[in-house]
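Chemist: Work out the full structure: start from the sequences and follow the hints.
Chains A and B supply the protein sequences, listed in that same order. The first sequence begins at 14 in my numbering and counts up one residue at a time. The second sequence begins at 14 in my numbering and counts up one residue at a time.
The hints are simulated quantities; they were obtained by calculation from the structure and are not laboratory data. Each residue gets a CB set at the ideal place from its N, CA and C atoms; glycine is no exception. One or more of the hints may lead you astray.
Facing chain A, from chain B, some residues (calculated, C-beta under 8 Å) [said to hold, decoys possible]:
no.: 1; residue: S37
no.: 2; residue: H100
no.: 3; residue: I103
no.: 4; residue: D107
no.: 5; residue: A123
no.: 6; residue: V135
no.: 7; residue: F137
no.: 8; residue: A147
no.: 9; residue: A148
no.: 10; residue: A152
no.: 11; residue: T154
no.: 12; residue: M155
no.: 13; residue: I158
no.: 14; residue: S166
no.: 15; residue: S169
no.: 16; residue: G294
There are 2 protein chains.
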Amino acid sequence: MTKLLDENRVLLLGGLRAALAGSSSLARIVRQHVGIEDETGKPTDSVGKLLRPSLVLFVAQECGARVEDALPAAVALELVHNFSLVHDDIQDQDRTRRGRPTLWAVHGEAEAINAGDYLCAVAFREATQSRGAAACIAAATMEMIEGQSLDLSYESRFVSIEQYLAMIDRKTGALLRCALELGGLAADVADDVRRSLRDLGLALGRAFQIRDDALGIWGDGAVVGKPQGSDVRRRKKSFPVVWSYARAGAGEKEKVESVYSGKVVGDSAVAWVIGLMERLGAPGATDAAVRQNLAAATTTLERLPFSSSGRTEMDHLIDYLAGRTK
Amino acid sequence: MTKLLDENRVLLLGGLRAALAGSSSLARIVRQHVGIEDETGKPTDSVGKLLRPSLVLFVAQECGARVEDALPAAVALELVHNFSLVHDDIQDQDRTRRGRPTLWAVHGEAEAINAGDYLCAVAFREATQSRGAAACIAAATMEMIEGQSLDLSYESRFVSIEQYLAMIDRKTGALLRCALELGGLAADVADDVRRSLRDLGLALGRAFQIRDDALGIWGDGAVVGKPQGSDVRRRKKSFPVVWSYARAGAGEKEKVESVYSGKVVGDSAVAWVIGLMERLGAPGATDAAVRQNLAAATTTLERLPFSSSGRTEMDHLIDYLAGRTK
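Modeler: Structure, rendered in structure tokens:
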């Protein structure tokens, strides 16, 4: 963990607990999903990295706002992220996440739809308490869902790198851009700073997702929480396969299509796709794309009115994201 | 239709069209669901009664606000209502609504989850444009989803009339109370007026839902759009069955439980349950509950600072809801 992700963690946990208080069965279910309570009602701290809300508070402080003024926006954004995970797990029929059973796997799809909807509504109630946050989060949520819809539509076709980027800039990028922008909004920064914050978010979002894509194919299963090659097995149109498909020969394209359409399945088909990607140089190209976006993030960082210690913290976060293994 | 439902219809249609503009596939899908566009992209007017947003604008005007100031809140509330319908249809596995195929039946469950989420996000973006609307709608949305979750939990058990009311006050009542309150918020009314508006919404919500429950059992299939007895077939814990169950003998209770648990199915079982309800007097009791809540609505109406023509319009709406056949 980096200092940026660590320093406001207790504050954020408190904000999440306060936002999700309530005695209804639904409130209990979502507290368990978010990771602040176990099945017996005992408080826990299994909320993950809290990347997005930590970024909100960090940027707010660096831009001169009080951290309390940005807290509702930060909590709201983390709740939107969690709502998207609950619905995403239903859509992908994923039964585990971070080593725990997913909400729908325990409570059924109908109640999981409710739980996601509830998290979304709580998020917007929280968002109304930080200046400008509700409109910013609503726009980002729309983009995120458009990305989710694009991702779904890509299941049945191969797409270009540009189409891939259009999808991840929405599905993953929207909330990260929003995180940085919300920090700026809390401090009422000038328009050019807001634009730079969005640029930084765009670059971080791409680096983050493309790195995630690499881990979904070449990551260490024990660390990442999913087996090697799992994104090929799941036929995800992630960066390495989109990049490789564009460079494959006609016969190879046809074979990749067979595997990704589900006509050919099994370990040897998955191994063949991974082998093809490696022959074409996808691991290096994927790494290069991550590094390129992290470099863009570093350049944008120089334009922001951060303190020198803030700049260092953000640099550490960028290094951390570049090297993360899960 | 009454004047109250008619007078701002064109304005509301325009507001819905503006809110849902956009070229993404998701935007097109939700325009079709809401009923402002057909499959070829041609504008349509199949949006239903627009009860909730019409109430927002009517109350806003009667309380002294400009209708334009309340329009974003009205549009937002209608979008929340529509988001709940999209997800409700997945949860109930309903393939048709208002004679048209439901969104999930055409586009699949995963995309229907996205479509509901998108409508919710657009709703909150709109809500940020009317004073106080986003917080009010967020709280009502949370209540609505808690009601939806209660309704789901009632599928596996019989409940008291009090538990039934706790459910419908949330599932149906929350958005109706919110409609009236949003009108008051746009005019910045005093707290006592706001409370009366909520009381009126509570009574209207109960009358509306209990009447709907009656139609789900004794309604004319050709008019209501679902066959007679359909809510028995679907094993819904609606007012007539909850009321009858509380009054049934031990042997009758057991038989009702068998039918509602799905152990006994078929037309004769449904006919037996309907016969029991009629013997116990459920049709009269259901009617009486509707009339009692409409009377409460009329009494509350007298406390509101409406014009005499406004009072008449609202009275007409109450009569209309009392006698509606669909």
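Chemist: If a hint holds in the structure, say so; if it does not, say that too.
Modeler: Hint by hint, here is what the structure shows:
1. S37: Holds. Min distance 5 Å.
2. H100: This interface hint holds because 5 Å falls under the 8 Å limit.
3. I103: Where the cut-off is 8 Å and the nearest Cβ of chain A is about 6 Å from I103/B, the hint holds.
4. D107: violated (12 Å)
5. A123: Check passed: Cβ of A123/B comes within 4 Å of chain A, closer than 8 Å.
6. V135: Check passed: Cβ of V135/B comes within 6 Å of chain A, closer than 8 Å.
7. F137: Where the cut-off is 8 Å and the nearest Cβ of chain A is about 4 Å from F137/B, the hint holds.
8. A147: holds (5 Å)
9. A148: holds (4 Å)
10. A152: Nearest chain A Cβ about 6 Å off; hint holds.
11. T154: Since chain A brings a Cβ to about 4 Å from T154/B, closer than 8 Å, the hint holds.
12. M155: holds (4 Å)
13. I158: I158/B check passes; min Cβ-Cβ to chain A is 5 Å, inside 8 Å.
14. S166: holds (7 Å)
15. S169: S169/B check fails; min Cβ-Cβ to chain A is 11 Å, beyond 8 Å.
16. G294: Hint on G294/B: violated, closest Cβ of chain A at ~33 Å, above 8 Å.
Of the numbered hints listed earlier, those contradicted by the structure are 4, 15, 16.
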